[in-house]
Amino acid sequence: MSLDRSDVEQIAHLARLQIDAADIDSYSQALNSILNLVDQMQATNTEGVEPLAHPLDAVQRLRADEVSETNQREALQAVAPATENGLFLVPKVIE
Amino acid sequence: MEWEVVIGLEIHVQLSTKTKIFSGASTAFGAEPNTQACAVDLALPGTLPVFNENALRMAVLFGLAVNAEIGKRSVFERKNYFYPDLPKGYQTTQLAEPIVGPGYIDIETDEGVQRRVGLHHAHLEEDAGKSLHEDFHGMSGIDLNRAGTPLVEIVSDPDMRSSKEAAAYARKVHAIVTTLGICDGNMAEGSMRCDCNVSIRPKGQEALGTRTELKNINSFRFIERAIDTEVARQIDLIEDGGTVVQETRLYDPDKNETRSMRSKEEANDYRYFPCPDLLPVVIDDDYIEAVRATLPELPDARRARFTSEYSLSEYDAGVLSAYRAQADYYEQVVKQCGDAKLAANWVMGELAKFLNQNDTDIKDSPVTADQLGGLLVRIKDNTISGNIAKKVFELMWSKGGSADEIIEAEGLKQVTDTGAIEKIVDDVIANADKQVEQYKAAEPDKRGKMLGFFMGQVMKATGGKANPGAVTGILKQKLDALCD
Numbered sequence: 001m002s003l004d005r006s007d008v009e010q011i012a013h014l015a016r017l018q019i020d021a022a023d024i025d026s027y028s029q030a031l032n033s034i035l036n037l038v039d040q041m042q043a044t045n046t047e048g049v050e051p052l053a054h055p056l057d058a059v060q061r062l063r064a065d066e067v068s069e070t071n072q073r074e075a076l077q078a079v080a081p082a083t084e085n086g087l088f089l090v091p092k093v094i095e
Numbered sequence: 001m002e003w004e005v006v007i008g009l010e011i012h013v014q015l016s017t018k019t020k021i022f023s024g025a026s027t028a029f030g031a032e033p034n035t036q037a038c039a040v041d042l043a044l045p046g047t048l049p050v051f052n053e054n055a056l057r058m059a060v061l062f063g064l065a066v067n068a069e070i071g072k073r074s075v076f077e078r079k080n081y082f083y084p085d086l087p088k089g090y091q092t093t094q095l096a097e098p099i100v101g102p103g104y105i106d107i108e109t110d111e112g113v114q115r116r117v118g119l120h121h122a123h124l125e126e127d128a129g130k131s132l133h134e135d136f137h138g139m140s141g142i143d144l145n146r147a148g149t150p151l152v153e154i155v156s157d158p159d160m161r162s163s164k165e166a167a168a169y170a171r172k173v174h175a176i177v178t179t180l181g182i183c184d185g186n187m188a189e190g191s192m193r194c195d196c197n198v199s200i201r202p203k204g205q206e207a208l209g210t211r212t213e214l215k216n217i218n219s220f221r222f223i224e225r226a227i228d229t230e231v232a233r234q235i236d237l238i239e240d241g242g243t244v245v246q247e248t249r250l251y252d253p254d255k256n257e258t259r260s261m262r263s264k265e266e267a268n269d270y271r272y273f274p275c276p277d278l279l280p281v282v283i284d285d286d287y288i289e290a291v292r293a294t295l296p297e298l299p300d301a302r303r304a305r306f307t308s309e310y311s312l313s314e315y316d317a318g319v320l321s322a323y324r325a326q327a328d329y330y331e332q333v334v335k336q337c338g339d340a341k342l343a344a345n346w347v348m349g350e351l352a353k354f355l356n357q358n359d360t361d362i363k364d365s366p367v368t369a370d371q372l373g374g375l376l377v378r379i380k381d382n383t384i385s386g387n388i389a390k391k392v393f394e395l396m397w398s399k400g401g402s403a404d405e406i407i408e409a410e411g412l413k414q415v416t417d418t419g420a421i422e423k424i425v426d427d428v429i430a431n432a433d434k435q436v437e438q439y440k441a442a443e444p445d446k447r448g449k450m451l452g453f454f455m456g457q458v459m460k461a462t463g464g465k466a467n468p469g470a471v472t473g474i475l476k477q478k479l480d481a482l483c484d
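If you read the protein sequences in the order shown, they are chains D and C.
Going by full-length UniProt numbering, the first residue of the first sequence is number 1, and it counts up by one from there.
Going by full-length UniProt numbering, the first residue of the second sequence is number 1, and it counts up by one from there.
It is possible that part of the hints are untrue.
Said to hold, decoys possible - Here are a few chain C residues that sit away from chain D, every Cβ distance over 12 Å (derived from the structure):
id: 1; residue: 57
id: 2; residue: 73
id: 3; residue: 74
id: 4; residue: 85
id: 5; residue: 355
To be verified - Each computed BS3-like pair below joins lysine-lysine, with the alpha-carbon atoms no more than 30 Å apart:
id: 6; chain 1: D; residue 1: 92; chain 2: C; residue 2: 88
id: 7; chain 1: C; residue 1: 390; chain 2: C; residue 2: 465
id: 8; chain 1: D; residue 1: 92; chain 2: C; residue 2: 255
The set of hints was computed from the structure by calculation and includes no laboratory data.
What you are looking at is a predicted structure, and each value in this text was computed from that prediction instead of being measured.
Glycine included, every Cβ here is placed at the ideal spot set by N, Cα and C.
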């Protein structure tokens, strides 16, 4: 598998990354060399090996369903660029 | 051409946990904006999720109620997309290894069509916040109180063949989750939301047609209307030589139309991968059996018991058992008045009418089950007639108070004194020469039907308070005496 310029542009768009058109070729090369490594790993025979979701050999701990958080709105919104009536304000998402 | 409709549903059920799926912030509905959104819900750097044990328990309980395989190992994954009401930039959800595997739900439509709908799987995930698009100086407002609320998404197989089956399935899911007590079932508040996948194919064809997804439908009525509207659109489109495009469409109940949604999902590439912040969730048989031991009586079982224990019709039993709060209410009324049929008629009749008219949930009914039971006792012991009882019920609903208090205060006690009734009957007969002649002229077996007029006059004269049984008897006796 190898990526061309349009793949790189699409990936950047999905990740909301602004990239310089002049850098696209070097990104393609870098990403393709990673994909080559993945291709090598894909070629390994993994028959009988369970898929691994997490590298740690441990299971998820659970939390009791008890409210432990208090209202910290003032402190949490102090770092927000814009708020009003307790709402975070963001650029309009639907015209 | 004859078309077959193929429908699959994805139902999002908000779990009624006290706290979020991955944080200790409250999930109570209706709080001031962002007062229940903690650092984890806001995805501030350095925060980590910790899984809520109650959300796990509820999901397993659901799986057991729908005959499903329970995933002894389930894995959370990240579904990546950008939207302001999703602070992390991904939704934590499950994909390859969900908590609930294949199962099934049996449904029956009002017309009696029965079907077993396959459950593809159900998975745990987190809800997003809410965007408010009214104008804040050209900006949108974001409330993240809902962000992180636990959801179970229930994905059916494409097994339904009409909008009515889809609505029956959704009602059944609603009945199950409310009976289990894992969701409050309040669709108006978004506690249960439905996406419908709809396609059509020529009858007899095996291959599925291209489907569209109708988003976020929040009432059973709208499920039917949205699907019917979309099916009509697809048929028109294909019969005019067009093709259905796979897309997400929004149902507009005001215009009764579906329209294409452009916005956020144009790039439908979510780049799922296992969430490194959460370890696999592993449960064993002991855990599953402990949860199974807490399963309450499910709607199908309750329905069967209602027909056997209370001798209700299949239809009545189906309606009364469909919603746990209603089934509980009904059983309490029966306990109070000791008459299952009378209780069924009132809960599905007068009470349902008032609840509908006032858009009130039975849990918030101003007339309690004990009070309604008390009213029915007074019908049974002939203190009041069924008609007067409706008047009493209306007063109980609007002003409150017990049936006995209202009957007393309004002087509605039935006249059962035969002497008094006889006197009124005599008056009525004396002033109705024409009707008496007609009665005498009628064939004896037709006379019964002609009593209605006299009955009406007697009720008018007594303000409806005469005992109908006594009046009928006295009327028949006196009128028949005139015929000899």
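List in ascending order the numbers of the hints, as given earlier, that are violated by the structure.
Numbers 1, 2, 3, 4, in rising order.
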